[in-house]
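Novice: In case it helps, numbering that gives the first Met the number 0 puts the sequence shown at residues 0 to 247.
No lab work stands behind these hints: they were computed from the structure.
A virtual CB, placed ideally from N, CA and C, is assigned to each residue, including glycine.
Treat the hints with care, as some may be off.
[To be verified] Here are the simulated EDC-like cross-link-like pairs (lysine to aspartate or glutamate), alpha carbons at most 20 Å apart as the crow flies:
#, residue 1, residue 2
1, Lys225, Glu42
2, Lys205, Asp183
3, Lys84, Asp106
4, Lys153, Asp217
5, Lys160, Asp141
6, Lys176, Asp158
7, Lys160, Asp197
8, Lys194, Glu55
9, Lys69, Asp197
[Stated by the list, open to error] Quick list of simulated restraints, FRET-style, between CB atoms:
#, residue 1, residue 2, range
10, Thr196, Ala74, 23 to 31 Å
11, Thr227, Pro43, 24 to 32 Å
12, Asn21, Arg47, 20 to 28 Å
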Amino acid sequence: MNGLLVACLFVALSTGYCTSNNNTVGTEAYLDFLITPKEPQDEPVRGRIVIALFTEALPITTYNFAQIAKGFTKAQPPHQKLHYKNTYVHRIVPDLIAQMGDVTVGDGSGGRSIYAHIFDDENFWMSHRSAGWVSMANHGPDSNQSQFFITLNKARWLDNKNVVFGRVIEGMEMLRKLGGVDPDPYNGVPMQLIKITDAGLYKLEKPYELSEKDFDRDDDIGAKGKYTKNEKEEKKEKEDRKSKSGKQ
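Turn these sequences into a full structure, and let the hints guide you.
Specialist: Printed below as a string of structure tokens:
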């Protein structure tokens, strides 16, 4: 185990992420999507996907994802902000995966983790066993950063190559809509712009376990946590209320 992995594990354990049960969900993250229409007169498609993160089985990987989902500013100069908000789905392989999470460049050529540029594969305990599994994209062994993909179908041949760390629990219909966007046949880039308009974490009162029967469902399992407004949203609402009361 190299020094970086030891340091990452220390951070994860010190924040309550510890390894014990493969099926335990300790965090729920959400991603809001917007699919631009094919024709100008059509309405854009909007929807939310909620992901259960297996924080006990994969504390390092899930902590990285959760921090970037809510927005993470690196302590070292130039204090780079890493956030899934305002990034794009940059690759679709029909009936296989929708890939996203390039927080530095946006087109799939970049990405960065909260630990360093890349970090090691944590484990391969989970499987790409059906649609809705969330897995780290990489460029070979031990090259994880911020990019990830969501499976559109069973893809077990990716097991032991990509680290699975989460499961879609709400928004399976939205996932199918993402997968239904036609890609460029040469590079997989979606022919319609797909943007992550917001990302963050649900407030979860306590960890819970997903059952084996939930793992292969193609409908929504259901989130246990609740969406809470961030400070920026609350500030804007207060300003709007103050503005309205001043006009009366």
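Novice: Does each hint hold? Answer for all of them.
Specialist: Structure-based check of all given hints:
1. Lys225 to Glu42: Distance of about 28 Å is beyond 20 Å: violated.
2. Lys205 to Asp183: Given that 20 Å is the threshold and the Cα spacing comes to 43 Å, the pair is violated.
3. Lys84 to Asp106: holds, 14 Å
4. Lys153 to Asp217: With Cα atoms ~11 Å apart, Lys153 and Asp217 stay inside 20 Å; holds.
5. Lys160 to Asp141: holds, 10 Å
6. Lys176 to Asp158: violated, 25 Å
7. Lys160 to Asp197: violated, 29 Å
8. Lys194 to Glu55: violated, 30 Å
9. Lys69 to Asp197: holds, 9 Å
10. Thr196 to Ala74: 23 to 31 Å: With a Cβ separation near 27 Å, Thr196 and Ala74 satisfy 23 to 31 Å, so the hint holds.
11. Thr227 to Pro43: 24 to 32 Å: holds, 26 Å
12. Asn21 to Arg47: 20 to 28 Å: holds, 26 Å
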